[in-house]
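Now for the letters of each chain:
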Amino acid sequence: QQPVQSPQAVILREGEDAVINCSSSKALYSVHWYRQKHGEAPIFLMILLKGGEQKGHDKISASFNEKKQQSSLYLTASQLSYSGTYFCGTVGEGSQGNLIFGKGTKLSVKP
Amino acid sequence: DVKVTQSSRYLVKRTGEKVFLECVQDMDHENMFWYRQDPGLGLRLIYFSYDVKMKEKGDIPEGYSVSREKKERFSLILESASTNQTSMYLCASKDGLAPNNEQFFGPGTRLTVL
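For the record, the sequence lines run as chains A and X. The first sequence begins at 1 in the working numbering and counts up one residue at a time. The second sequence begins at 1001 in the working numbering and counts up one residue at a time.
I should point out that these hints are in silico values taken from the structure, not numbers from a laboratory. All residues carry an ideal CB built from backbone N, CA and C; glycine is no exception. Among the hints, a few may not be true.
Okay, the calculated beta carbon distance ranges per label pair [stated by the list, open to error]: (1) A:Ser81 to X:Asn1100: 48 to 56 Å; (2) X:Ser1065 to A:Gln8: 31 to 39 Å; (3) X:Asp1095 to A:Glu40: 17 to 25 Å; (4) X:Glu1069 to A:Glu16: 47 to 55 Å; (5) A:Ala27 to X:Ser1008: 13 to 21 Å; (6) A:Ser95 to X:Val1052: 19 to 27 Å; (7) A:Lys37 to X:Lys1071: 44 to 52 Å; (8) A:Glu66 to X:Leu1097: 19 to 27 Å; (9) A:Lys67 to X:Asp1059: 33 to 41 Å; (10) A:Gln8 to X:Gly1016: 18 to 26 Å; (11) A:Ala27 to X:Glu1102: 20 to 28 Å; (12) A:Ser95 to X:Ser1080: 27 to 35 Å; (13) X:Thr1112 to A:Leu80: 40 to 48 Å; (14) X:Arg1073 to A:Lys67: 36 to 44 Å.
Covered stretches of chain A, going by a simulated chain X footprint (3 or more residues, C-beta under 8 Å) [as the list claims (entries may be wrong)]: (15) 23-35; (16) 67-80.
Hey, can you work out the whole structure from these sequences and the hints?
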């Protein structure tokens, strides 16, 4: 079942923070985050495994709440280069291991 | 630098034509995937393959078929293109099916069926 992402779209000024959520009604093994710029391939950001871990790279981090089957992506002090559509992909427990993607969150960072 | 390449960035075809979309990866990955991407719907899995000559249906296989004769190449075939198959098509590959393995995407083919 497709995970639900929220919000659908967000507009920020440079330097502002944003949170993107990804929720599933099924038990998850992992959550993958990707960013896609217009006309380009989705680029991998990070994977979170069940166990409630957190990960981060530079000013982008994410968490995975196993009890809620929800992952959140945190963008801190946003930069113009953060603009794009963010997708979460989930792998269900006991599944074949294929990713099921959310509909995406469009992030626009303005100067 | 690892790569997934797709044969065309843009393609325009007529209704009823047979269409081939080609994807090649250079990472020796076992698994390859075809998605279509539509506004407001995200990425939806059409077919995937976990080995040469093996294929599995994804969530929306109707109207499509695939071929994997070599490990590095995965083709998506539209036997008789229709206007509702106008979309962005993304190919991806992955090493094994472990849930924590990264999936690599190609740049996409934007197909327009007139």
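These are the hints, each one checked on the structure:
1. A:Ser81 to X:Asn1100: 48 to 56 Å: At roughly 26 Å between Cβ atoms, Asn1100 (chain X) and Ser81 (chain A) fall outside 48 to 56 Å, so the hint is violated.
2. X:Ser1065 to A:Gln8: 31 to 39 Å: With a Cβ separation near 33 Å, Ser1065 (chain X) and Gln8 (chain A) satisfy 31 to 39 Å, so the hint holds.
3. X:Asp1095 to A:Glu40: 17 to 25 Å: 22 Å Cβ-Cβ, so the 17 to 25 Å window holds.
4. X:Glu1069 to A:Glu16: 47 to 55 Å: Hint holds: Cβ distance 50 Å, inside 47 to 55 Å.
5. A:Ala27 to X:Ser1008: 13 to 21 Å: Violated - the Cβ-Cβ distance for Ala27 (chain A) and Ser1008 (chain X), about 39 Å, lies outside 13 to 21 Å.
6. A:Ser95 to X:Val1052: 19 to 27 Å: 23 Å, holds
7. A:Lys37 to X:Lys1071: 44 to 52 Å: 29 Å, violated
8. A:Glu66 to X:Leu1097: 19 to 27 Å: This hint holds: roughly 21 Å between Cβ atoms.
9. A:Lys67 to X:Asp1059: 33 to 41 Å: Check failed, 27 Å falls outside 33 to 41 Å.
10. A:Gln8 to X:Gly1016: 18 to 26 Å: 36 Å, violated
11. A:Ala27 to X:Glu1102: 20 to 28 Å: 22 Å, holds
12. A:Ser95 to X:Ser1080: 27 to 35 Å: At roughly 32 Å between Cβ atoms, Ser1080 (chain X) and Ser95 (chain A) fall inside 27 to 35 Å, so the hint holds.
13. X:Thr1112 to A:Leu80: 40 to 48 Å: 31 Å, violated
14. X:Arg1073 to A:Lys67: 36 to 44 Å: 43 Å, holds
15. 23-35: Coverage by chain X holds here, the residue count being 4 at a Cβ distance below 8 Å.
16. 67-80: With 0 residues closer than 8 Å to chain X, the segment 67-80 of chain A misses the three-residue bar; violated.
In this structure, the earlier hints numbered 1, 5, 7, 9, 10, 13 and 16 are contradicted, and the remaining ones agree with it.
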